[in-house]
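> Take these sequences, add in the hints, and give me the full structure.
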Amino acid sequence: MGLDDALLQSSAPATLRFYSWSPPGLSLGFFQEQAAFADVPGSHQIVRRSTGGGAIYHQEEITFSLSLDIRSDSPGIIDWYVGVHQAVRAALRLVDIAVEFPDKISPVTREDQRRGWCFDHPGPQDLISKTGGKILGSAQRRIQRPRPRLLHHASLIMRAPSATPDCGAVADYRPPEDVREDLVELLSHQLSNFLGLSPSSEGPDEAELKTAEKLAMKPHGDPDHLLRR
Amino acid sequence: MRPNDRKYLKSHEWSKTEGDTATVGISDFAVSHLSDLVFLDLPAVGSAVTAGEPFGEIESVKAVSDIYSPVSGEVVEVNDDLPDNLDTLNSDAFEAGWMIKVKLSGESGELMDAAAYEELLKAEAD
Numbered sequence: 001m002g003l004d005d006a007l008l009q010s011s012a013p014a015t016l017r018f019y020s021w022s023p024p025g026l027s028l029g030f031f032q033e034q035a036a037f038a039d040v041p042g043s044h045q046i047v048r049r050s051t052g053g054g055a056i057y058h059q060e061e062i063t064f065s066l067s068l069d070i071r072s073d074s075p076g077i078i079d080w081y082v083g084v085h086q087a088v089r090a091a092l093r094l095v096d097i098a099v100e101f102p103d104k105i106s107p108v109t110r111e112d113q114r115r116g117w118c119f120d121h122p123g124p125q126d127l128i129s130k131t132g133g134k135i136l137g138s139a140q141r142r143i144q145r146p147r148p149r150l151l152h153h154a155s156l157i158m159r160a161p162s163a164t165p166d167c168g169a170v171a172d173y174r175p176p177e178d179v180r181e182d183l184v185e186l187l188s189h190q191l192s193n194f195l196g197l198s199p200s201s202e203g204p205d206e207a208e209l210k211t212a213e214k215l216a217m218k219p220h221g222d223p224d225h226l227l228r229r
Numbered sequence: 230m231r232p233n234d235r236k237y238l239k240s241h242e243w244s245k246t247e248g249d250t251a252t253v254g255i256s257d258f259a260v261s262h263l264s265d266l267v268f269l270d271l272p273a274v275g276s277a278v279t280a281g282e283p284f285g286e287i288e289s290v291k292a293v294s295d296i297y298s299p300v301s302g303e304v305v306e307v308n309d310d311l312p313d314n315l316d317t318l319n320s321d322a323f324e325a326g327w328m329i330k331v332k333l334s335g336e337s338g339e340l341m342d343a344a345a346y347e348e349l350l351k352a353e354a355d
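Note that the protein sequences, when read in sequence, are chains A and B. Sequence positions in the first sequence follow my numbering and run 1 to 229. Sequence positions in the second sequence follow my numbering and run 230 to 355.
Just so you know, these hints were derived from the structure itself, not from any lab. Fair warning: there could be bad hints in the mix.
[Claimed, not checked] Chain B regions said to be covered by chain A (calculated; three or more residues, Cβ under 8 Å):
id, segment
1, 257–264
2, 267–273
3, 284–293
Computed from a predicted structure; not experimentally measured. Heads up, the beta-carbon is just placed ideally off N, CA and C, and yes, glycines get one too.
Shown next as structure tokens:
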């Protein structure tokens, strides 16, 4: 989380970062109540994201973050979600996994958002697997200073975790280990197309790593930050 | 035309100064741009805010955004009802939707009047 927040503050025009979780992680949306997830079974680390939305149990998934400048011609918030999710859908189709936007959605209450799982409440821009479960979780943070930037978090579920067994997953279609590597490459390609960028493969620079270390200590390493709600 | 009795930041916050106190909020443009507001965090009375730095956070259905302070000083009053009544921001962002009152010690050098803010919104729409 520290590195993602550092990338949000970075001077790099755009960064797409893929990562995984070991041990499993439980990430809360920025405004969520920690106490609502205190008794979730399993051996996991818990963290509060700077992005919004519902909680996610990160186990077998492809996690990515996109950090980039918001330009005057950048899509609005909803169009942004549609664009990212269309790119993910296109990548999945290339490995013969057909997911769709939902036909109908159920209303979400403020309480659901404060104490609920991300995958329990598909919205109109979400991707649904053939089992009817949401397969991709997304959330954003936007800043205006020092210049307009956004951080987009996404979790593509490879195999449904025990905490949210009803979510969709790549495993509904194919063994995740058969497609994981291809999917990372295809997602990179499709997301770059959506952004109109040509990706180059490199790690974080020194300034980003330094900022990440600082942010990993505070706020992310500070128990008060996790317990703030 | 937005109210011309206050000044605006390009990140869409406003401040209205009366005596040594500034009332601070976000514009109707910000509210409509964020859409479907869900949560709002405001600072406590007695805390310090700094011009150009975040003083709060707001979550719409799809994004968390920082709210930046147009002024520096001490928070002397907070609109405590607002986080539980976010519709107020949709109906009246410039009056009932105020967020904090600040005892002024300074203000951002980037503040613009209503006419300049309207120009900024036009440019963003083009």
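> A separate judgement is required for each hint: does it hold in the structure or not?
Against the structure, the hints:
1. 257–264: holds (count 3)
2. 267–273: holds (count 3)
3. 284–293: holds (count 7)
Checked against the numbered hints above, the structure violates none of them.
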